[in-house]
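*Asks:* Chains as they are written, first to last, in full-length UniProt numbering: chain A, 1 to 251; chain B, 1 to 203.
Calculated from the structure, these hints are not laboratory results.
Computed from a prediction, not measured in an experiment: that's the story for all the values here.
Nothing false has been slipped in among the hints.
Derived lysine-lysine pairs resembling DSBU-like cross-links, with alpha carbons at most 35 Å apart:
| id | chain 1 | residue 1 | chain 2 | residue 2 |
| --- | --- | --- | --- | --- |
| 1 | B | Lys34 | B | Lys112 |
| 2 | B | Lys195 | A | Lys32 |
| 3 | A | Lys32 | B | Lys187 |
| 4 | A | Lys177 | B | Lys83 |
Covered by chain A, according to a simulated footprint, are these stretches of chain B (three or more residues, beta-carbon under 8 Å):
| id | region |
| --- | --- |
| 5 | 50-64 |
| 6 | 74-83 |
| 7 | 142-151 |
| 8 | 159-168 |
| 9 | 171-177 |
| 10 | 189-198 |
Using N, Cα and C, we set each Cβ at its ideal position, and we do this for glycine too.
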Amino acid sequence: MTDRDDLDMLAAEFVLGTLDARERATVAARRKSESDLDEMITAWEQRLTTLTDEVMPVTPAPELYQRIEQHIDALDTPRAGANTDSDDKSNVIALHKRLRRWQWSTALASAAAMVLVAVLAFQPAPEQGPQSFVAVFQQNDQQPAFMLSVDLTNRQMQIRPVTAEPMQGKSYQMWIKADSLGPNPRSLGVLNDNLKLERAALRDYDPELLKEATFGISVEPEGGSPTGQPTGPAIHGYLYPIADEGSQPSH
Amino acid sequence: MSEPFSSPTTGRAPSGAESPSIPVPPDQLSQLIKGVAAKDRSAFAALYEATAPKLLGTIIRILNNRGWAEEVVHDTYIKIWRKADQFDASKASAMTWMITIARNGAIDELRKQPANRKAPEDELEQLASKEPNAQSQVEDQQTVNQLNLCLEELEKDRRDMVRLAYLNGWSRADLATHFDQPVNTVKTWLHRALKQLKGCLTS
Numbered sequence: 001m002t003d004r005d006d007l008d009m010l011a012a013e014f015v016l017g018t019l020d021a022r023e024r025a026t027v028a029a030r031r032k033s034e035s036d037l038d039e040m041i042t043a044w045e046q047r048l049t050t051l052t053d054e055v056m057p058v059t060p061a062p063e064l065y066q067r068i069e070q071h072i073d074a075l076d077t078p079r080a081g082a083n084t085d086s087d088d089k090s091n092v093i094a095l096h097k098r099l100r101r102w103q104w105s106t107a108l109a110s111a112a113a114m115v116l117v118a119v120l121a122f123q124p125a126p127e128q129g130p131q132s133f134v135a136v137f138q139q140n141d142q143q144p145a146f147m148l149s150v151d152l153t154n155r156q157m158q159i160r161p162v163t164a165e166p167m168q169g170k171s172y173q174m175w176i177k178a179d180s181l182g183p184n185p186r187s188l189g190v191l192n193d194n195l196k197l198e199r200a201a202l203r204d205y206d207p208e209l210l211k212e213a214t215f216g217i218s219v220e221p222e223g224g225s226p227t228g229q230p231t232g233p234a235i236h237g238y239l240y241p242i243a244d245e246g247s248q249p250s251h
Numbered sequence: 001m002s003e004p005f006s007s008p009t010t011g012r013a014p015s016g017a018e019s020p021s022i023p024v025p026p027d028q029l030s031q032l033i034k035g036v037a038a039k040d041r042s043a044f045a046a047l048y049e050a051t052a053p054k055l056l057g058t059i060i061r062i063l064n065n066r067g068w069a070e071e072v073v074h075d076t077y078i079k080i081w082r083k084a085d086q087f088d089a090s091k092a093s094a095m096t097w098m099i100t101i102a103r104n105g106a107i108d109e110l111r112k113q114p115a116n117r118k119a120p121e122d123e124l125e126q127l128a129s130k131e132p133n134a135q136s137q138v139e140d141q142q143t144v145n146q147l148n149l150c151l152e153e154l155e156k157d158r159r160d161m162v163r164l165a166y167l168n169g170w171s172r173a174d175l176a177t178h179f180d181q182p183v184n185t186v187k188t189w190l191h192r193a194l195k196q197l198k199g200c201l202t203s
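If we strip away everything but chain A, and leave its shape as in the complex, we get:
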């Protein structure tokens, strides 16, 4: 068997899905710099994707699209205050940023936003866009287990149990995962007996990163994961902006 055959089989198993997590991460990284591996993977995707023809479509819950849109709203909003050192470059850019920041604060009223563009252009930008976010951790379709609220301005967070309860001999541990942090989640800490975590647990993370991050809470042996990675079942949440009434233009 030649090296090229080996590489093709690696590509094939990557597409088939049979590699373990570590091997998958390695191949995903390698294909960025190895064009022949990348082409082999694309060729296998072409060969195998028709297998999904037999998969029955399932209609997503209607709220899913709203959550995705909110996530995109947050992604497309420049960091609040980021234009302070670039104000002199272009009024157009500044206005654009101001407008988008405003749209974000009224993410649910985007249609109205289009109408009010002209009015807004003459309004002073609010000093600070809304920086309050919330994430809900659900253990099933009905009941949230935890809620996380985050204030990005001062990177303070608060985790609140909703239906989750302390468990004998087990601990809840909170995790953060983002593309820029690499493939593995990082621990934000182990929740205490009252299911709380210190409010400054996010202090080391950039607000932009936090907006895109996935948060997870896993059940671990008492005191936290022995491996530094989640070992028990986990639930996930994303941050969604809360429209901040106080910072909306009043016109």
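With chain A fixed as given, assemble chain B onto it according to the hints.
*Replies:* Just chain B, lined up with the frame of chain A:
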């Protein structure tokens, strides 16, 4: 064992009904992706409506956990929004491109947290009762027929392995347990099956 976060799909009514499959012409999907690349929200909404049920179905089959699957669908559409400008219609069909993003997300998740998946009892029956769709959403009919013909040429066990891995997300270890073979043997079988498939598809 107390696993408050595990959420088996069995026994829980899905919150959305299965939708009839309405194939959207591939050209139209490619156009919508171009619109998404230009950050056109209405194109994004139309693309979502046309493709989300297929992606969710694909991911549910792998994760067998609806809540978890919807999270991966969420991630998938965020990636589609961000990477739409990288879509190249000359390299892959729109559906292939999106299904690839969805499957990669689902399998990455599954390999990291295999315990979250609960194997349904009817998994193998589901595999056996497979009926080729009358009309493909993914590729042209010739491509579909060819893949089916080539799969038929494989020995049954190897064909099942390929489909259980690709469609249901089974790992080498899952396959080894089910087929009662060492993992290395499974790997060898998989490689033979994949090479045979490739040879057949190329001929």
